[in-house]
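Participant: Spelled out from the first residue to the last, the chains are:
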Amino acid sequence: MLRKRTRWFGFVLVLAVLLTMVGGFAGAQEPKVLINGIRMTAGDPNTLDPQLAQDNKEITIINHLFVGLTSQDEVTSEVSPGVSTWEISEDGLVYTFNITPEVSWVRYNAETGQVEQVLDESGSPRYVTAADFEYAIKRSLDPAQADPYAYVLAPYIVGGVEYNAGEGAAEDVAAVAIDTYTLQLTAPEKVAFALNIYGMWMARATPQWAIEDAGTAWTEPENIATYGPYALKEWAHEESVTLIKNPFWAGTEVYPQPKIDEVIIRFLDDATQLPEYEAGTMDAIEVPQAEIERIKADPVLSQEYTAGADNCSYYYGFNVQKPPFDNVHIRRAFSLAIDRQSIVDNVTKAGQIPARWFTRPGHNAAPSLEEFPDLGIGFDPDMAQEELALGLQELGLASAADLPPLTLAFGNTTGHTQIAQAIQQMWADTLGVTVNLSALDPTTYFVTQQQDAEMIHRSGWCSDYPDANSFLYDVFRSDSSQNYGHFASAEFDQLVDEARVLDDTDARQEKYARAEQILNWEEVGIAPIYWYVTKQLTKPYVERTYSIIGNENFTRWDISK
Amino acid sequence: MAVMEQQSHTAGPVTRLGARPKGESLWIDAWKRLRRNRLAVLGAVIILINLLVAVFAPALAPKDYKTQVLADNNAAPEWVISLFPNMKAKGTEGGFVTVNNSYLLGADSLGRDLLSRIIYGARVSLAVAFVGPVVSIIIGLIVGVVAGFFGGRVDNILMRLVDIMYAFPTFLLVVLLMAFFRTSFGGVQQPGTLAYTLGELDASMGGMLFIFLGIGMTSWMQMARLSRGQVLSVREKEYIEAARSIGTPTRAIMVQHVLPNILGPLIVAETLTIPTYISYEAFLSFIGLGVNPPTPSWGGMISEGARSIATYPNQALFPALALFFVMFAFNFLGDGLRDALDPRMRGVD
Amino acid sequence: MARFIARRILWLFLVLFTVSIITFTLMHAVPGGPFAQEKALPPAVLANINAKYNLDDPFLIQYLNYLGDILLPRITSGKQPKSLEREFLINIKLPGEGDPTLRWMNWGPSYKSSSRTVNDIFRENLPISFQLGVSALVIAMCIGTPLGIMAALKRNTVYDYAGMGVAIFGVSVPVIITAPLLQYIFGVQLRAVPVSGWGSFQHMILPALALGFTQSALLARLTRASLLQVMNEDYIRTARAKGVSERMVVIRHALKNGMIPVITVIGPLFAALVTGTFVVETIFGIPGMGRFFVTSVTGRDYPVIMGTILLYAIFLVLANLIVDLIYAWVDPRIRFD
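Chains as they are written, first to last, in the numbering used here: chain V, 1 to 561; chain D, 1 to 349; chain H, 1 to 337.
Since the hints were made in silico from the structure, they are not lab data.
All C-beta atoms, glycine included, are put in the ideal place defined by N, C-alpha and C.
One or more hints might be untrue.
[As the list claims (entries may be wrong)] Pair by pair, the computed Cβ-Cβ distance ranges are:
1. T92/D <-> P540/V: 21 to 27 Å
2. S82/D <-> A192/H: 55 to 61 Å
3. E234/V <-> L190/H: 55 to 61 Å
4. M105/H <-> E234/V: 23 to 29 Å
5. L60/H <-> E90/V: 55 to 61 Å
6. K154/H <-> A242/D: 49 to 55 Å
7. P127/H <-> G166/V: 38 to 44 Å
8. G432/V <-> L42/D: 28 to 34 Å
9. G98/H <-> E90/V: 52 to 58 Å
[Stated by the list, open to error] Covered stretches of chain D, going by a simulated chain H footprint (3 or more residues, C-beta under 8 Å):
10. 219-232
11. 242-252
12. 321-330
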């Protein structure tokens, strides 16, 4: 009885909703709404403040609210004009940005349901100026702001590192608004990827007046001011963010005027996104690894499934200071014994690419598999055994059984745990060694890795900007804070230092290839495992681009229902 | 045997009293009544079988629990595929499951025999099911009975302690214990030392021993409140007044009159918390704080299998079924014990 | 009675104080801080962050600062950023020049969600968990109690076995498996209810069922056990002997006393349910408070850990106080002393 009534109630409700919808939109053009879960997980984005953001979830949203001086094409990863065009001085140190005039600061007005221009005290619209960019850049570097990504920006602006370390002054940072629409940045040295850095999220204009008015709450929809292709309509914390088309946005090459009126971004685990997608209530989602085989076999879902290029690498680091991994032959034996093809075929299954080295191919100046088929390291059980024998001999041990207890540590998530178990067995089968697994809660793992990395420790890296420098120089230079296993090679350091400031891409690529050979084969600082791919499902009525740089660009998407 | 084991765990303080003539008749009587309860006996048998399975897992398991055949990942036998309509064998339209009848219940995502992992998983799961509850019922019973019987200031202080313990951040403690034992005890230890022995014991339980000891030590509050509540309603009873009036010492009153009268609901409640402990183990796996691989546990298998319940339902449902049987057994046994131990039931059946 | 309640409220503060010390100590003992992450931050950046949140102060100073922010009221005047309203739980406008405002109870910022404060989480996410928890508790009581009564009254009949079978089933299958199963069957296959999310009655059905069903089993078993015990009491026999109808015996005498153990568990159960449960909220994508109990710890978000634990403690103490009052009402022989 009760159940019957509930069902009736539900039916009537659905009918009512349907009728209202039909009535409401009859005649009017139905707004195009996209419900997206790509790059999302359960839980709120930590921030929408460009000068605090660090992960994909946040940056995907920020990219649509704030556009940089330069923009990165998400398909080709090339640099293209954002809200400015630029001139570079002959010595390659002074960058003059001419900011597009009259780009409006806007805010969504919940009462009128419209995106409106933000007006200043005198009632005229506020436009994005060079001063806004100067403010934002200095805000990112300000020690009091404590922007976690300041360290990526600081080395590329004169005075940046000193100011961020609390030793310099804001006035000495070489970011200067020359007039309303002209910004000048001075770099301490000439690097090929400076334009990428200047376009990153921490260098996006932010509204000083709004921040001073609302404090840390300035990113809430009622306080925020933005200027990108979308405006922030709603931020339902822990649930979703709704972006609404900004009618005042004129469009750039990478961020044209949006065709989709509203983008609802839901914060759900992939395991929840898939049932939503199958129920027809989400349009584009991340695919959980556990269900890939069913999706690939399903006649309908397989047509909607795409595995695309990504910007990340998965690897195991060796702590070269911990015996027996202070011996290069032992390290090489362990790396050679990993059957990467079997892992991507049987464990990860989404078409990840077995990695022969660290830098994911596709990045500017990075070696590619076509040009360097024999670079790095691969699965070779015979050679692994030889190397192990060599290593044991050098250590004066009779057999692998005399090795001290070996440990592989990793953050305890399903994916890492599966791979660790598979590799544990490969080592047992090929080398006859038992490696203990230490599955730690992720935060504990990160801390132990950074303070005292385990003999073998799981790691991953995604580039911050599409250049090989973001992999090799940023991670494995001997003084890098990401170099957990204490890999150190003078030749490597010299190579990445030289490649960093070279102009010629081919010459840079040669140097990076040599550096990879040292890192992966000669010194074996790490065992590369695979290069990531994205795994996504998109409904057939969504026309879209596939990003290779880690963040989707909804302005180039469309819906045709 | 299993039944006695259960009794000594849940009613530890009382068994010792079995030496007294009056108590003895109570326990023998209870034992007789328990044996007459078919369902309780069935429950006891299931638990006994489970204990045997856990102990003799190496002999019983058709395959090794940790040897992977990566090519057989997620394989399933024909009967399992025909059981679940959404599992489609390779070769049919939309088929994706590798058919392999050598895995009786199927293989997991790394090509390990599911049945063997369930059999070995009984070890961790049963250990978890005993460690926590034993610790919690011992502490809880003592605190609850003392609080309830003495009342007044003692009661007040103990019950506020209970309030504090209820709000105790157990989860923080779990993270702390795990960080401590998986980093320092996992290191090199000399055989023969206490740390080494403890470390080995913990490792054989997939790193869950200390964690569940810790959980037990912070989860006795329900037992305490429950036993206090029972004591409160029992202590005003005529027979307690009578005992008091003839000058029976407090301790004797507690042990002879109070304890037997409050044990019934306590045992039922405790058998009911056993699934919560096993669920907690699954919960820890769910948030990435589970057993150390490759040790299998039912909770870990369920939480991992639940991620692909639409694709490989067998990987979650079979371990869940094993769990379910054991829970059924604990509950029937708990019920039987309750009936058997309740003095007012005497002569009822 | 009034004295009893007053004393218990006073105790509440002592409980909170003790719990705060325990939690503060434990959370600082756990390795890793709020800014430990996969991409290690360079020392200069980490130093800036620690200075921003005063994490470089000595432990005791950090604790005293935390307590001070909550306990000490503050008066501000002049123009203040809007975020100040969100930092303090209580903001009272005072009369006078320059917009003076009395502000009290700053529970701290969230280190992880940089634009939010612990108060924001209380204000926005707690009501959602409260709704879910109360409906789950109602479901649990509606299923559990009658089931337990039926099983007790028809002891050793098919009703008893069936009822207890359902109860054991509920408690034996963890919500980790029932939640995605319900989601798959009713959300994906039948499309009867939304798969996930929050906002309408339909959204609430599956999560409340998944939560409530498990808890109903607990209540059913307890009800049955304690009713069986009560039914053998002398006063029930007396009532029967006096010729009171069986129905009246059960309703008037047995149920009232038999509910004592049941009430005992409802207190903590209520506190646990209304402050949310992580698994159900994660699987069903519910923006409730339960997630914070886990994510704050895994992310070492210190103020949120403190806030969630202390809030839970408040709920718990109050729920237990109410339970004790109900005790007295049910069983007048229990004294307040």
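Participant: A separate judgement is required for each hint: does it hold in the structure or not?
Facilitator: Each hint tested on the structure:
Between T92/D and P540/V the CB atoms are about 24 Å apart, so this pair conforms to the stated range of 21 to 27 Å. Between S82/D and A192/H the C-beta distance comes to about 27 Å, which lies outside the given range of 55 to 61 Å. Restraint check, E234/V to L190/H: a C-beta distance of roughly 30 Å breaks the suggested window 55 to 61 Å. Take M105/H and E234/V: their Cβ atoms lie about 28 Å apart, and the range 23 to 29 Å holds.
Taking 55 to 61 Å as the suggested C-beta distance range, the pair L60/H and E90/V conforms, at roughly 59 Å. Evaluation of the 49 to 55 Å hint for K154/H and A242/D yields a failure: the beta carbon distance comes to about 34 Å. Between P127/H and G166/V the C-beta distance comes to about 42 Å, which sits within the given range of 38 to 44 Å. Checked against the given bound of 28 to 34 Å, the beta carbons of G432/V and L42/D, roughly 47 Å apart, lie outside it.
The hint said 52 to 58 Å for the Cβ distance between G98/H and E90/V, and at roughly 56 Å that hint holds. Coverage of the segment 219-232 of chain D by chain H holds [criterion: at least 3 residues with CB-CB distance below 8 Å; count 7]. Counting residues of the segment 242-252 of chain D whose beta-carbon sits less than 8 Å from any beta-carbon of chain H gives 0, not enough to reach three: the coverage restraint is violated. A count of 4 residues in the segment 321-330 of chain D with a Cβ less than 8 Å from any Cβ of chain H is obtained; the coverage claim is therefore met, three being the minimum.
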